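Undergrad: So you can see what is in the structure, the chains are spelled out below.
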Amino acid sequence: MNMDKPIRRVAIFGLLLFFGLMAQVNYVQGSQAEDLRTDPNNSRQYSDLFNSPRGTISAGGVVLVTSQETGKDNPKYGRSYKDGPIFAPVTGYFNGNATQVERAYNSLLGGKDKRITQQRWFDTFIGKKAEGANLELSINTEAQRVAYQRLRAQTQEGRRGGAVVMDIKTGAIQVAASWPSFDPNEVAPQAGEKGAKRLQELDGARGVLKPLVDNALSQTFPPGSSFKAVTSAVGMERLNLSSSTTVNTGQLILPESGRPLPNSHDSGSCAGQAPLKGAFAESCNTSFAKMALDLGIQQLHQGAEKFGFGKRVTLEPDMYAAKSDVPLTTQDASGKTIPTGGDATARSGIGQQDVRATPLQMAMVAAAIANKGKIMNPYVVQKVRAKDQSELYNASPKQYAQAMSADHAAQLADMMRAVVSEGTAKNLQGRNIAGKTGTAEQGAPIPNSRWFVGFGPVENPRYAFAVITEGPGDGATNAGPVAADIMAAVLRK
Amino acid sequence: MSGLGAQIRAHLPYQRRNAASFALLIFAMVLTLSAFAEVGLARDGKIPGGLFVYGGGLAVLAFAAYFVQAKFAPYADPLLLPLAVALNGVGLAMIYRLDLDTSEDKKAAAAAGKKLVADAADAPGQLMWTFVGIGLFVAAVLIMRDTDRTDAPLSFTPKTAQRYTYLIGLCAVILLLLPIVPGIGAEINGARVWIRLGPFSVQPGEFAKLLLVVFFAGYLVNKRQAMSLIGKKAGPISLPRARDLGPILVIWFFCLGVLFMQKDLGTALLFFGLFVSMLYIATQRVSWVMIGIGLLAIGVFIATLLPFMGHVNQRIDIWQNPKPYFDGGCLLDSGKVVPVNPDTDIFKKYKAQGSISPGFSACAELGGEYSDSAQLMKGLFALGQGGVLGTGLGQGEPWRTPLSFSDFIFDSLGEELGLTGLMVLLLVYALIVQRGMKTAVAARDPFLKLFAGGVSFVLGLQVFVIVGGVTRLIPLTGLTTPFLSQGGSSLMANWILIAILVRMSHDARKPAPQAIQDEGMTQIVSTR
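Just so you know, the sequences run in chain order P and C. Numbering of the first sequence is given in our numbering, commencing with residue 1 and proceeding in unit increments. Numbering of the second sequence is given in our numbering, commencing with residue 1 and proceeding in unit increments.
Keep in mind the hints are simulated off the structure, nothing from the lab. Small disclaimer: the values here were computed from a predicted structure and weren't measured. Certain hints may be false.
As the list claims (entries may be wrong) - In silico lysine-lysine, DSSO-like type, Cα no more than 27 Å apart, as pairs: (1) K311/P with K336/P; (2) K76/P with K46/C; (3) K398/P with K383/P; (4) K349/C with K197/P; (5) K210/P with K72/P; (6) K197/P with K351/C; (7) K169/P with K306/P; (8) K349/C with K336/C; (9) K169/P with K323/P; (10) K169/P with K5/P; (11) K46/C with K197/P; (12) K46/C with K72/P; (13) K351/C with K194/P; (14) K197/P with K323/C; (15) K323/C with K194/P; (16) K348/C with K194/P; (17) K349/C with K194/P; (18) K72/P with K112/P; (19) K5/P with K223/C; (20) K46/C with K387/P; (21) K72/P with K351/C.
Make a model of the complete structure from these sequences and hints.
TA: Have a look at this one:
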């Protein structure tokens with residue numbers, strides 16, 4: 001009996017086994033490879049990031065973030081943040097995951113961007129990893145330090161503060177400071193396991209204090225009276241008001257509840273009737289609540305959208321500010337949609353109720369006023385250079401919006417000047433800034449959010465700013481001086 | 001009846017293919033040396049010193065083996081030796097490359113005053129075992145003589161083994177039993193399949209595999225007529241007589257029992273496949289394959305009922321869904337998988353108590369079966385990292401996979417050589433298996449046919465079980481990857497296997513002895 005036939009069959013079966021293996025290897029390394037590479041358990045995707053030095057981040061000639069060798073195999077390179085807490089709102093952190101600029105410019109910093117790899121295709125070909133590019137921020141480091149110190153000093157214990165200064169002609173962010181902040185060094189790659197724990201701790205911090213969420217770009221607050229700048233702008237355009245139009249500053253009865261809306265004082269311009277400029281300077285609530293009622297929430301909402309409310313402002317590709325909003329509807333605790341009614345519309349007009357804005361958004365409002373109605377798109381990264389100093393990217397200022405006419409902007413600018421010269425912020429006279437105070441009650445026991453939003457210098461303005469601190473008191477005394485100090489530092493150079 | 005073997009022989013008389021073999025061997029060496037060079041260039045930017053030690057060493061050995069083969073087995077299959085050398089060389093280069101990384105760990109451990117990492121890539125050791133392995137190949141080719149010259153001095157041929165069928169079967173059983181013997185047995189990585197001989201650890205299962213092939217071949221050749229013809233019909237399947245099937249079943253069941261006790265499921269699967277395939281080759285009856293698979297099903301069913309075999313279930317669970325087990329998971333009776341990894345409180349509790357394996361203890365408290373799929377997943381991550389073209393030798397991070405130099409060396413190669421490289425490696429294995437099968441077909445003697453067929457199939461099956469395991473085609477079981485994995489036993493056994501095939505292929509392909517009685521007939525001699 002011959003055994004050749006069964007041997008041949010077994011040989012074929014053996015071949016089939018190998019075909020099975022080949023098919024599986026093709027499946028795993030071909031179609032599944034991407035899923036495997038990005039699997040959350042796969043430590044390679046992170047380790048790969050730490051195998052080559054990441055680019056540096058600097059501002060105004062000061063190197064803020066560098067990578068240096070850890071002397072270990074993994075991570076091979078750590079990340080060092082100079083004065084981490086001060087600059088964290090812009091730089092963000094990097095530990096495999098990243099935030100802010102570290103995230104937005106990840107591929108350039110990590111050397112994986114096409115702009116680098118195409119330039120260095122030969123390196124890629126021979127397997128040499130391209131080195132990360134260096135970033136230059138538009139931040140004014142001196143002013144940023146001042147902002148951080150002053151916010152810390154002026155914010156009530158356990159509460160939040162934020163400040164933004166932007167160049168009105170270009171949109172370049174000069175200051176984006178937040179209190180409280182965190183130290184990115186604690187969560188940088190070299191911190192390893194400990195860093196991951198610290199990050200969790202920061203993420204789960206109690207109460208309103210979310211150090212990982214910066215209060216300059218990524219947090220919204222009720223803007224209070226500083227929002228009257230927006231209400232005025234919309235009113236001027238849609239109700240044909242001007243700074244000299246006489247408006248009612250006396251008591252206002254709310255349409256739905258029938259309850260009166262109070263002013264902070266019933267003297268001066270707020271005694272009954274005054275030009276808009278006076279009502280603005282002394283921040284008479286009733287005039288602006290009335291204006292909001294005249295406009296209706298729909299028009300107020302649309303008008304505010306021109307300044308950037310209602311959508312996330314894009315600072316850099318993949319870096320967004322939080323969404324400021326003048327809501328048409330809100331949801332209650334049970335998830336039911338409640339339209340913004342008459343009373344709420346009146347309160348929205350004075351930046352209360354459910355109106356929310358980031359400091360960046362309010363700085364953009366001020367920028368529109370100071371810059372003939374035009375808002376430039378805010379940005380934080382000025383330049384990107386490859387390791388060989390060749391320029392890979394240079395910020396080109398873009399217009400974000402024409403929020404109002406130049407005429408209206410000029411009138412509003414005058415009204416802002418009046419706030420300091422004769423209105424609620426007389427304490428800031430001689431500090432070469434103009435602006436609007438704001439004090440939003442957040443309901444007991446939460447302290448007020450205190451704002452000062454404006455521009456400087458007073459004549460021929462160049463920078464717009466917004467400062468918020470939380471605590472008892474008002475915008476003029478608790479946010480105004482902070483803004484003045486920051487602007488002094490900005491204008492010093 | 002003119003069988004396929006006769007046809008092949010008719011087409012292959014007098015063919016010496018030593019030049020082809022030599023050229024292929026040169027190619028295998030070039031492959032190996034470039035692998036070493038690439039490791040050095042990628043890591044340090046220069047040709048590594050290891051190239052000369054390892055590459056040179058391997059080259060000397062390979063050419064020595066070639067000359068012995070050319071002189072003493074000139075009609076041997078030209079592909080077997082170069083293919084095996086290529087695999088051994090690539091494996092050695094990979095282990096050398098992994099050793100460069102682990103040696104840093106070793107230095108750090110030594111500097112910290114700690115014990116050296118015992119379980120690490122060891123390139124010098126592997127070079128030594130390569131030396132021993134190829135030495136055994138040379139010795140085996142020299143000792144084993146042509147089948148026809150049984151009367152010559154030192155008359156040991158592959159066929160000699162047939163005379164000692166039962167003795168060899170007994171040896172296989174004893175070898176398998178050795179690791180259970182207290183004192184010389186050792187448990188490494190959860191499987192008790194090792195014995196310690198002085199400074200060396202030997203895996204007797206690798207040799208038992210070869211002996212078992214001989215035993216099966218010897219036994220089945222004697223009994224195959226009876227087994228394939230005599231038997232009671234039970235429906236469509238004809239059952240064999242108990243006295244024909246008895247002895248082989250006893251030994252086979254005994255082996256499987258031992259392997260299950262050692263938790264060496266890979267080898268158990270290997271032996272099962274070996275048994276069924278050889279039974280089929282010998283009897284040519286599909287019913288035998290059915291009976292074999294039925295027995296396996298019963299065996300697996302019984303195994304899952306045994307309390308200490310719960311992890312068979314779990315292996316299958318991990319195979320289907322490895323993610324919940326990453327870094328440790330606990331399979332509860334309810335079928336739910338609870339993570340028991342360094343992040344969990346219960347793990348920390350036992351970690352704090354200084355428990356040697358906190359995962360096991362924690363899972364025991366939960367009343368479940370503990371396992372960890374991190375190895376498998378990390379191996380797959382390595383494959384994913386490699387993608388189609390691989391990172392290039394020396395440029396990946398294969399050391400991230402546990403056992404990257406032994407069980408998971410295929411994944412390590414997959415990371416650095418990519419899909420492309422793995423296809424080549426699988427082709428090389430497939431070629432060896434097919435050349436072995438061809439040898440079986442060409443062999444004249446039924447015993448040798450079975451022997452060669454069994455040996456070739458067992459090599460292919462071993463590659464399938466381990467490679468299928470690490471690529472998640474089938475549940476993962478530990479086995480060595482022939483010629484690639486670090487380890488002496490595996491290399492020695494596989495080089496002997498190649499030697500046997502080389503000897504048998506020479507036997508099969510050499511010209512038939514001239515029939516003296518038929519002097520008058522014209523003998524056609526091919527003149528190349």
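Undergrad: Now tell me if each hint is right for this structure.
TA: Hints, one by one, checked against the model:
no., hint, verdict
1, K311/P with K336/P, "22 Å, holds"
2, K76/P with K46/C, "22 Å, holds"
3, K398/P with K383/P, "15 Å, holds"
4, K349/C with K197/P, "18 Å, holds"
5, K210/P with K72/P, "32 Å, violated"
6, K197/P with K351/C, "18 Å, holds"
7, K169/P with K306/P, "18 Å, holds"
8, K349/C with K336/C, "21 Å, holds"
9, K169/P with K323/P, "23 Å, holds"
10, K169/P with K5/P, "87 Å, violated"
11, K46/C with K197/P, "41 Å, violated"
12, K46/C with K72/P, "23 Å, holds"
13, K351/C with K194/P, "18 Å, holds"
14, K197/P with K323/C, "23 Å, holds"
15, K323/C with K194/P, "25 Å, holds"
16, K348/C with K194/P, "16 Å, holds"
17, K349/C with K194/P, "19 Å, holds"
18, K72/P with K112/P, "23 Å, holds"
19, K5/P with K223/C, "19 Å, holds"
20, K46/C with K387/P, "25 Å, holds"
21, K72/P with K351/C, "25 Å, holds"
The structure is inconsistent with the numbered hints 5, 10, 11, although it conforms to all the rest.
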